[in-house]
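My request is simple: use the sequences and hints to build the entire structure.
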Amino acid sequence: MEEEVRRATGGRTLDEVLAALGALLGSLALVWVLYLNLLPASGALGFVVCWYLTFLLMYAGVTALRHPRPVIADRVAGAVVHGLASLLALGLVLVVGFTFYRGAEALGHLNFFTDDLRSAGPLDPLERGGVLHAVVGTVVQITISVAITLPLGVGCAVFLNEVKGPLARPVRTVVEAMTALPSIVAGLFIYVTVLVFAGFDRSGLAASLATSVMMLPIIARASEVVLRVVPDGLREASLALGASQWRTVWRVVLPTARPSLATALILGIARGIGETSPVLLTAGYTTYLNANPVEGPMVSLPLVTYTLARSSEKVDQIRAFGAASILLAIVLLLFVTARIVAARGGRR
Numbered sequence: 001m002e003e004e005v006r007r008a009t010g011g012r013t014l015d016e017v018l019a020a021l022g023a024l025l026g027s028l029a030l031v032w033v034l035y036l037n038l039l040p041a042s043g044a045l046g047f048v049v050c051w052y053l054t055f056l057l058m059y060a061g062v063t064a065l066r067h068p069r070p071v072i073a074d075r076v077a078g079a080v081v082h083g084l085a086s087l088l089a090l091g092l093v094l095v096v097g098f099t100f101y102r103g104a105e106a107l108g109h110l111n112f113f114t115d116d117l118r119s120a121g122p123l124d125p126l127e128r129g130g131v132l133h134a135v136v137g138t139v140v141q142i143t144i145s146v147a148i149t150l151p152l153g154v155g156c157a158v159f160l161n162e163v164k165g166p167l168a169r170p171v172r173t174v175v176e177a178m179t180a181l182p183s184i185v186a187g188l189f190i191y192v193t194v195l196v197f198a199g200f201d202r203s204g205l206a207a208s209l210a211t212s213v214m215m216l217p218i219i220a221r222a223s224e225v226v227l228r229v230v231p232d233g234l235r236e237a238s239l240a241l242g243a244s245q246w247r248t249v250w251r252v253v254l255p256t257a258r259p260s261l262a263t264a265l266i267l268g269i270a271r272g273i274g275e276t277s278p279v280l281l282t283a284g285y286t287t288y289l290n291a292n293p294v295e296g297p298m299v300s301l302p303l304v305t306y307t308l309a310r311s312s313e314k315v316d317q318i319r320a321f322g323a324a325s326i327l328l329a330i331v332l333l334l335f336v337t338a339r340i341v342a343a344r345g346g347r348r
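Per our numbering, the sequence shown starts with residue 1, numbered consecutively.
Quick caveat, the hints were computed from the structure, so don't treat them as lab data. A portion of the hints provided could be inaccurate.
As the list claims (entries may be wrong) - Pair by pair, the computed Cβ-Cβ distance ranges are:
| no. | residue 1 | residue 2 | range |
| --- | --- | --- | --- |
| 1 | 170 | 335 | 26 to 34 Å |
| 2 | 110 | 292 | 20 to 28 Å |
| 3 | 71 | 32 | 25 to 33 Å |
| 4 | 292 | 313 | 26 to 34 Å |
Idealized CB from N, CA, C, for every residue including glycine.
Here it is in structure tokens:
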């Protein structure tokens, strides 16, 4: 009886690398001959799809020459997973790269970061005007939204995970349903309740309330998941020492989960900072700097991007891509910060 040979499950062997490389080059040559020279077909998308499918077939065939069926299935599945991941990464890189490429001309001018658009029209060059008013508006609105959603979101998570009770299930259902709430619905809700019924004018505060509706379920749901990870032994030890449930939550549970709660907050901010529809309905549009959230319209980066992109003038479109580039940079920075905070919290 032959002794069973263990197969390594980690890393890449030379055989696997050469098989993948040979199948990749062979499928490219075969598809190039058939697709571009023999068959009546054309188009880059069709070429790539045919190349990928042919690569999978060749990869499976080459692997079958020396390995059993489990190895074939494992390598083909790995190739499919890596192919889909590469496709998603390529789409993300194309979107981000195209935005920064189109906005590079505007980002190269200092006034784009230090001026507003009150003195710049669609026919003025990029040396005049900027998006300072949109950056300030975004910062003010998100700050107010954080002040509203952070205590409410963490408090909701504490109720769902620590207090519980008969209302926990319906509250959790509502929170989960709100995570898929269309942003236009949140904007309409604040527009009707605050602007129409209450009689307030469009302002940064109204936009912050609309953004808070979008951020609240994200922070509450992420915070609940974070609190579930806190070991029950810490709670039991605190209660055994005579502490009340409230003191246990305040002194033990929340400090233990603080890094992960910061990650939940950052994810909520990243969701709210890019919303356009709620701000469009509740904040109004302005070309001048307004840092007062309770008086007058206050524009944000998504709204400036949306408004300028609708213009038929090339200069306004470049400004729109420049504003979108700043917004993308802020969102990417937030996600990187969230990953760093989460990693540091995991090492503690």
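Hints versus structure:
no.	hint	result
1	170 - 335: 26 to 34 Å	32 Å, holds
2	110 - 292: 20 to 28 Å	26 Å, holds
3	71 - 32: 25 to 33 Å	29 Å, holds
4	292 - 313: 26 to 34 Å	30 Å, holds
In this structure, none of the earlier numbered hints is contradicted; all agree with it.
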